[in-house]
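Q: Given next are the chains, with one letter for each unit.
2 protein chains.
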Amino acid sequence: MSILIKDATAITREGKAKKCDVLIEGNTISRASPGINASAEHKINASGKLLLPGFANTHAHTAMSLLRGYADDMELHKWLKERIWPVEKKMNAQSVHAGAMLGICEMIKSGTTSFSDMYFQMDSVAKAVSDSGMRSMLGYGMVDLGDEGKREKELKEGERFAREWNGKEEGRISTCIAPHSPITCSSELLQSSAQIANKLNCKIHLHLSETREELFQIMQKTNKRPVDYLDSLGFLSPRVLAAHCVWISAQEAVLLGKKGVSISHCPVSNMKLAGGGAAPLPELMGAGCTISLGTDGAASNNSLSMFEEMKSCSLLQKHARWDAEVIKAQEAFAFATKGGAKALGINAGEITPGKLADLILLDAKAVNLQPAHNLISNIVYSAHAGNVMDVIIDGKLIMQERKILSFDEEKVIEKAENEAEKIC
Amino acid sequence: MSILIKDATAITREGKAKKCDVLIEGNTISRASPGINASAEHKINASGKLLLPGFANTHAHTAMSLLRGYADDMELHKWLKERIWPVEKKMNAQSVHAGAMLGICEMIKSGTTSFSDMYFQMDSVAKAVSDSGMRSMLGYGMVDLGDEGKREKELKEGERFAREWNGKEEGRISTCIAPHSPITCSSELLQSSAQIANKLNCKIHLHLSETREELFQIMQKTNKRPVDYLDSLGFLSPRVLAAHCVWISAQEAVLLGKKGVSISHCPVSNMKLAGGGAAPLPELMGAGCTISLGTDGAASNNSLSMFEEMKSCSLLQKHARWDAEVIKAQEAFAFATKGGAKALGINAGEITPGKLADLILLDAKAVNLQPAHNLISNIVYSAHAGNVMDVIIDGKLIMQERKILSFDEEKVIEKAENEAEKIC
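Protein sequence lines correspond, in order, to chains C and D. When the letters of the first sequence are read in order and numbered with my numbering, they come out as residues -11 to 412. When the letters of the second sequence are read in order and numbered with my numbering, they come out as residues -11 to 412.
Hint data in this document are derived by calculation from the structure and do not stem from the laboratory. Each hint should be verified, as a subset may be incorrect.
Pairs count within a copy or across copies, as identical chains cannot be separated in the list.
[To be verified] Taking lysine to aspartate or glutamate pairs in the EDC-like style, the calculated list, with each CA pair at most 20 Å apart, reads:
1. K156 / D119
2. K141 / E152
3. K(-6) / E389
4. K399 / D351
5. K246 / E271
6. K6 / E409
Modelling step: build the complete structure from the supplied sequences, incorporating the hints.
A: Right, dumping it as structure tokens:
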């Protein structure tokens, strides 16, 4: 399969428009420059459209899209105990597949071309990725709460899932080892996770310092701050993708940077669940961490749009630091594209020959994107999901003029509605 | 003119769906209930669509849409001095009209049916409102910086504009007296403003306590906090719509409530310009103030979407107060509809017989609005501008299936681009 994108408007580093054609061969960008004349099986007239790398959403629980709007405006622990956990107990392979398809459909329609997921019934999520044409890095979320019997089972399932699905769909699916968090996992589970990831040569995904309570619990239990505790277990390495990292000290940020850890920053979820802090992004950037953005699940956001995440990322930092110059549009955009791809170990996030063809086209003529003083600013601060017109993932046209080609959107919505009704 | 909306999905107080038909006669909702059979000149099949009151954006500088993306990620005073003011000096009647049309077009496409504007060249803004079918409350922004000669001129122009346009377009345009702020206006200008507003029986719109610097300046000059200072001038009354109100003490909130002042809260602009604080909404609500939402200008937001404003309002309060239960979806929605209409003195914001027919229809089948556990939550936390399908203002169909009927959207964008190029 080959695709030639003609007459698109790409964006310079300064946010200005430049004409660009792109030739895609197989799943890879083979050429990107103005005036490409080459034969291709499929030709896209991208005149009047902005060409961008697709977004990488590095922290999601896609199946939780079934719970969108089911429980809002509640304190985190009450929310979990009274609303989320009871419903999750009723979720089976079928409901997780339906929820994952709903979430993937929303992600595609808002320009996301890859995501990371940690949940249960992960075979269903992997099947949804397989069915939809999406790209993702998936891990089975392991929790032992210190129970040794549970630990063995969880590690077995985590490793089985990682082995079974890694590299599937010609590489569209990659897998990781996903111990849930330092408070829900024993030190043995965390150490075994790192060992399995070394053995399988894969990433590790976990929640880290999302709430202040978590910080206090770990300090009480280990007499160390969470990052120091993980380091003492030999857990930290460039394999690690740590979600949230809100309650991180400047010293912990330095250590995360030294160990090559990637961050999935989730500003909307953090604000909505009222954790109170703001992740120390400038310190984490200064320490050399790769920064990416995650929406978290739709139950705590309640959107999977990376446009909202980019804007909220910049707004939250500006607000929390009393500094309008912190996290510029260009930086938020890089987190959502290049940074996200790097965090997931995907060779994408830039419009450059040799990179995977994960690309999106926006309606350059949309009224909310006028005038075109700075296109990066317009994308980060002014665009919304409805501006995304076309989506290419792994060299395949997945959405054209807002119509999903790889599956039946109406059926996905119908199934999700039915499954949501069963469990809620 | 009469319109019958058939088979719409309206929303109960609890966020559940209920079937609803609406009959509009002239510019007013005459009936709202299921199963209306009446003859009407125009019939809208609203099956599969959510029916809501349109949003009121109570603080905008619409013409600043020309400057969207022109200057971002800058400290407020540098931003004003180096970028905004030099360009504003070049703006004339033609550019303000073009910018206002661009902003109005974006507002309609994101479900806003009325707005409040304070700027210069206000005849051009009024003409844009007249041309577009929009509803608004407009005021000429007066600034004297203590200069007596300037004061007389400003007051004359403020009163002329208010007299000339009030009630125009069969009441779609109302006017107000708009002294810019307590730091840019002398006490004499503020007092004269209140007197003129009494004489004309109209609202007063001003900026109040947006930044900490403003608070310090007024305390130094008057030995009073800004709200106490305004009260000492006899300025405060139910006529007043005060934008921002970030640096307000609990005592000031009580006084604002006692005087019946309405608030235009602008969370996105406040975060983007990094003022640092968060308006004390719970205290202002507790004091009995009418709360509404404003986007501020597109140069400091950079969007005019009230969906973003509702969500950011709730997120910022939850974040700042460490309380996930503060500003529930239902409250943010009320600020954007009922609260906004009340703040602008417009008899709208609810789907009730006797109210003005300012209504919008959303695509109920959009993937980002599934499932329908709670429709109010979906609108506040999950919807985006692209979900708005139809807009009715003052009983007239202004947008149908995302196509603007009352003016040529392409021409509006072309003119705005040309004018932006001239001044920037």
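Q: It remains to establish, for every hint, whether it holds in the given structure.
A: Evaluated hints:
1. K156 / D119: within (12 Å within a copy, 57 Å between copies)
2. K141 / E152: within (16 Å within a copy, 78 Å between copies)
3. K(-6) / E389: within (15 Å within a copy, 29 Å between copies)
4. K399 / D351: For K399 and D351, only the inter-copy Cα distance (16 Å) is at most 20 Å; the intra-copy one is 26 Å.
5. K246 / E271: within (12 Å within a copy, 45 Å between copies)
6. K6 / E409: between (48 Å within a copy, 17 Å between copies)
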